[in-house]
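Number of protein chains: 2
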Amino acid sequence: MAHIKVDEGVPGIRSLVMFRPDTGQYLYELVQILLRGESTLSEAERELIAAYVSKRNDTMFCMMSHAAASRELYGNNKNIVDEVLNDMQQSHVSDKMKALLNIAGKVQVLGKEVKEEDIAAARQYGATDIEIHDTVLIAATFCMFNRYVDGLASLTPTDPKVYEEMGKRMANGYTMPPPSN
Amino acid sequence: MAHIKVDEGVPGIRSLVMFRPDTGQYLYELVQILLRGESTLSEAERELIAAYVSKRNDTMFCMMSHAAASRELYGNNKNIVDEVLNDMQQSHVSDKMKALLNIAGKVQVLGKEVKEEDIAAARQYGATDIEIHDTVLIAATFCMFNRYVDGLASLTPTDPKVYEEMGKRMANGYTMPPPSN
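Listed in order, the protein sequences are those of chains A and B.
The working numbering puts the first residue of the first sequence at 1, with every later residue one more than the last.
The working numbering puts the first residue of the second sequence at 1, with every later residue one more than the last.
Next comes chain A alone, as it looks inside the complex (with noise of 0.2 Å):
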């Protein structure tokens, strides 16, 4: 059970941002904007992103669903995400998105981390400044997420059909839902 009274039955983030709309809005605006607005980095790429410091973060619910949400965008491509998350640098992702899911670890153990020589790799393989932005953000926004759902004990499901739904939802895109009565 949720540490707060929230709508029993309504899983991971979405009970909370019910519960408390005022704040809840900004956290979908912010993160349709970063998985889903204009960007040189896939939808795909990004879920990926947020799914691989979800699982570094042991935050099951963050990490089932943008996990699901990323393999619904790549496609026939899907086997990729699994790949990421059970053993990064033997995966098949391109060395540019090595380069950003290694930024996004060292961002997720803490910003400090992030080196000089990080930034270098992945501006070698034609990583930009908006996209080293972007991986940045993303990682410490999913920091925020994942702190926020484990640490208010919020609903996680563990059926993989309840996730496999709600990547499909989640790949057309975040709104708010109604608050809670």
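Honestly, the hints are just simulated from the structure, not real lab data.
The structure presented is a predicted model; accordingly, all values stated were derived computationally and were not measured.
Each residue gets a CB set at the ideal place from its N, CA and C atoms; glycine is no exception.
Be aware that a few hints might be false.
As the list claims (entries may be wrong) - Calculated cross-link-like contacts (lysine-lysine; reagent style DSSO-like; alpha-carbon spacing at most 30 Å):
id	chain 1	residue 1	chain 2	residue 2
1	B	Lys78	B	Lys168
2	B	Lys112	A	Lys112
3	A	Lys106	B	Lys115
4	A	Lys78	A	Lys98
5	B	Lys96	A	Lys5
Unchecked claim - Some chain B residues judged to face chain A by a derived CB distance under 8 Å, without partners named:
id	residue
6	Lys5
7	Phe19
8	Leu34
9	Gly37
10	Leu110
11	Ile119
12	Val136
13	Leu137
14	Ala139
15	Thr141
16	Tyr148
Knowing the structure of chain A, use the given hints to seat chain B on it.
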């Protein structure tokens, strides 16, 4: 120097939201409602939670600036800020605030570190659901800001006077700076 090309001389998160106002606007709106919106936690207390988490994340810029804002808002009781940053358990904040700061400290580590007994302790001293929610979200939000600021190596002034001035401005609220050219 920052890892990406931001305005030289603009400190901390300000340079980053000027670089990417599309995402920055929601970060500012979020922090404005969390730290300045209507709440039974005082603005000084909420700034103190932000400074406390930032110190634990070793993010000098956020720690110094939010500590300064908290001192400004505590007025004659401003010594309490440094007491908490030096040794929270021995400080003169209320038992309720100690219980909430304890929760914030757990969130800083990882969401799952917040246990039933941490929540029960806060309730015992009168903390409400919304106060517990906001404490967790403020702590999670600063885990994001800290990583954003340090992950991109944004400018961190070292002169305490700079932060004193910043704290005075921040006490009046958070508004977006104009975008960089």
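Which hint numbers does the structure go against, in order from smallest to largest?
-> none
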